[in-house]
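2 protein chains.
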Amino acid sequence: MRKKNYFAGPSVLPMEVLQEMRDQLVDYEGNGISMLETSHRGGMFEKMYDDCLSTFRELIHIPEDYDVYFLGGGATLQFAMIPFNFLLPGTKAAYCKTGTWANKACNDAQKIGDVAVIFDDKENNYTHLPDVDKLVIPENCSYLYLCANETIGGIEYKKFPKRDKTPIIADMSSDFMSRPVDVSNFDMIYGGVQKNLGPAGATFIIMKKSMLDRRNKNLVAYLDYALHAKEKGLYNTPPVAAIWGVKLMFDWIKKMGGVEAMDKRAELKSSMIYNIIDSSDFWRSPVDPAVRSRMNIVFRLPSEELEAKFVEESKKEGMLGLKGHRSVGGLRASLYNACPVEDVEALAAFMKEFERKNG
Amino acid sequence: MRKKNYFAGPSVLPMEVLQEMRDQLVDYEGNGISMLETSHRGGMFEKMYDDCLSTFRELIHIPEDYDVYFLGGGATLQFAMIPFNFLLPGTKAAYCKTGTWANKACNDAQKIGDVAVIFDDKENNYTHLPDVDKLVIPENCSYLYLCANETIGGIEYKKFPKRDKTPIIADMSSDFMSRPVDVSNFDMIYGGVQKNLGPAGATFIIMKKSMLDRRNKNLVAYLDYALHAKEKGLYNTPPVAAIWGVKLMFDWIKKMGGVEAMDKRAELKSSMIYNIIDSSDFWRSPVDPAVRSRMNIVFRLPSEELEAKFVEESKKEGMLGLKGHRSVGGLRASLYNACPVEDVEALAAFMKEFERKNG
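Going down the list, the protein sequences come from chains A and B.
Sequential numbering from 0 applies to the first sequence in numbering that gives the first Met the number 0.
Sequential numbering from 0 applies to the second sequence in numbering that gives the first Met the number 0.
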């Protein structure tokens with residue numbers, strides 16, 4: 000029987016996507032060859048890739064003056080590539096430290112150049128986000144960096160800083176395409192695909208072309224965005240299997256009604272769980288209610304013993320991935336795009352029953 | 000009908016591997032979840048990954064004091080990571096420029112530190128390899144770098160330099176596991192998996208643990224081999240789909256008789272084609288006969304018109320990927336591990352018939 004999958008990433012894929020991959024795996028669309036063994040310089044891959052990028056642009060309304068492509072190495076490699084390219088000598092980069100992912104990006108930037116930490120919620124153990132209208136960006140700032148959704152902390156920006164003269168770069172690994180985003184407000188949006196957009200192994204890059212003019216020159220090949228932009232991500236061999244999965248996921252999102260439909264689903268699904276959390280003192284949300292993530296719902300029970308029992312009993316019900324990240328403890332349900340509404344209903348029912356028995 | 004696949008990479012996979020991926024894709028071994036949607040911190044992935052690494056060690060006899068794992072970003076990212084980690088201030092790195100891939104690695108190293116080019120076959124358009132017994136390694140050298148097989152030039156080291164005090168680092172992307180290799184002669188062997196070992200998206204790293212003690216410190220996270228070694232490649236989310244394919248490919252190589260059997264197959268398959276090339280003046284091999292690659296057989300016909308005709312007619316016979324790389328022209332047949340003997344027999348028959356009609 001199919002498990003209910005609440006993993007924080009890699010994470011659940013739609014059954015239709017898995018079945019399509021299965022059906023086309025040995026012989027892709029009657030071409031007599033698998034997508035996994037064709038040349039990335041060959042027509043079969045190129046057509047699939049062009050379709051993928053074209054649906055990508057359509058779904059999230061990427062303007063013409065933005066490049067879009069995929070790289071390898073995960074978001075973690077981007078933590079380094081961003082300052083290597085854009086943290087110019089004699090300038091600062093402004094970082095908002097909001098949890099594990101933003102902080103890792105900030106650590107890498109500090110190894111490369113001058114960083115201004117303009118928000119750091121360490122004292123609250125990263126449970127709040129900045130008031131974006133009050134952020135003070137330093138003079139001569141190369142870019143402002145933020146992480147849209149922190150999977151471990153379970154917090155998500157509900158509003159983004161408005162771009163003026165300072166470029167904004169955002170890691171949207173864990174909530175991209177779960178809600179509409181005005182791409183033109185950002186100079187770069189990127190993310191690992193393995194949460195909302197497909198199987199692990201690819202990182203999407205959306206970048207305003209003009210950013211390439213203000214990058215550091217003479218970088219080594221793989222770290223240079225200009226090389227990748229020029230070749231649409233095919234400067235070297237791309238992660239074909241992951242990109243194929245993303246292409247099918249984009250088709251699925253489109254068929255489901257696009258990003259607007261994903262937005263409604265995310266609201267519906269996360270409300271089901273937050274409503275339970277808010278319904279009694281048995282449950283507790285450790286984060287600022289104003290910035291609760293719709294993707295990663297972090298919650299606590301009255302004791303660690305009860306939390307362990309919750310995880311154990313949920314597994315018996317075929318529910319995977321409900322244990323919180325080891326660095327913060329507690330419980331976490333990740334409800335990405337592909338997580339079926341029925342699986343969230345099942346989780347809600349399980350939670351109510353668990354409270355009835357143990358509350 | 001299944002095509003005959005001579006692509007230079009990504010390249011042919013065994014039908015058994017494709018079928019196994021297909022059969023397990025939706026529900027991996029009855030776990031109720033796909034390998035593509037499970038957490039890389041979860042037991043199902045970890046068991047597969049441990050099996051993969053363990054078969055890897057067994058197949059190519061990796062000593063205990065070597066780490067082995069996978070990264071993303073392809074061999075191209077390694078061109079940069081190697082000098083970032085190992086080209087120490089006040090030392091040189093020695094590079095053998097033997098074609099497209101070694102030269103790209105050398106270019107990146109020159110952006111990072113001091114490089115001694117100890118062999119460069121530019122005047123012969125990269126058709127020869129150095130006599131490894133005559134290489135002169137500079138004093139105070141951090142490492143000697145070479146590319147074992149050049150896919151575009153079609154040349155392959157038949158013998159490697161013997162390690163003394165200078166560590167040897169080798170890119171074996173395109174001929175790894177096609178022949179036995181004494182891993183202990185190298186301090187690092189790495190490569191993209193998409194030629195001999197699986198679908199595109201992962202890069203294997205084999206590294207003597209002691210190399211980590213002599214690396215540059217304070218590197219950004221993803222570029223630091225020590226972080227990856229410590230987490231066996233799971234510092235961040237790995238390219239799961241590609242690794243799963245590699246695991247199945249390792250199982251297949253083992254079932255076929257291991258690297259020793261691959262070696263015999265490579266000799267058999269490449270001889271079939273080289274014998275034809277040597278049989279008449281209709282065919283011409285542009286490379287030093289002593290270092291002809293068994294993986295990528297580069298050959299020419301009396302005219303470019305005939306070469307175009309060869310490609311066109313081969314396609315009609317269901318044969319893909321026989322056009323030479325655009326940078327050198329001509330023809331190329333890539334005969335990696337998974338390429339069936341029957342497909343090489345079919346190519347040989349096609350070549351003979353083509354010569355009969357056009358010779």
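There could be a bad hint or two in this list.
Copies of one chain are not kept apart here, so a pair can be met inside one copy or by any two copies together.
Said to hold, decoys possible - Dumping the calculated DSS-like pairs for lysine-lysine here, alpha-carbon to alpha-carbon at most 27 Å:
1. K208 - K110
2. K46 - K263
3. K91 - K216
4. K253 - K158
5. K356 - K157
6. K322 - K157
7. K157 - K308
Rather than coming from a laboratory, the hints here were simulated on the basis of the structure.
Alpha-carbon proximity context of K253 and K158, limit 27 Å
within (25 Å within a copy, 54 Å between copies)
For the identical chains here, do K157 and K308 meet the 27 Å Cα criterion within one copy, between copies, both, or neither?
Classified as neither: same-chain Cα gap 33 Å, cross-chain 60 Å, threshold 27 Å.
Can you tell me if K322 and K157 fall within 27 Å by alpha carbon in one copy, between copies, both or neither?
Answer is within: at 25 Å inside a copy they meet the 27 Å cutoff, but 52 Å across does not.
For K91 and K216, with the copy left unspecified, which applies at a CA distance of at most 27 Å: within, between, both, or neither?
Cα proximity of K91 and K216: in one copy and across copies (17 Å, 23 Å).
With identical chains treated as interchangeable, where does the CA-CA distance between K208 and K110 reach 27 Å or less: within a copy, between copies, both, or neither?
both (26 Å within a copy, 25 Å between copies)
When Cα atoms must be at most 27 Å apart, do K46 and K263 count as within-copy, between-copy, both, or neither?
neither (31 Å within a copy, 37 Å between copies)
Evaluate K356 and K157 at a C-alpha cut-off of 27 Å and name the case that applies: within, between, both or neither.
neither (35 Å within a copy, 70 Å between copies)
Consistency with the previously given hints fails for numbers 2, 5, 7, ordered from lowest to highest.
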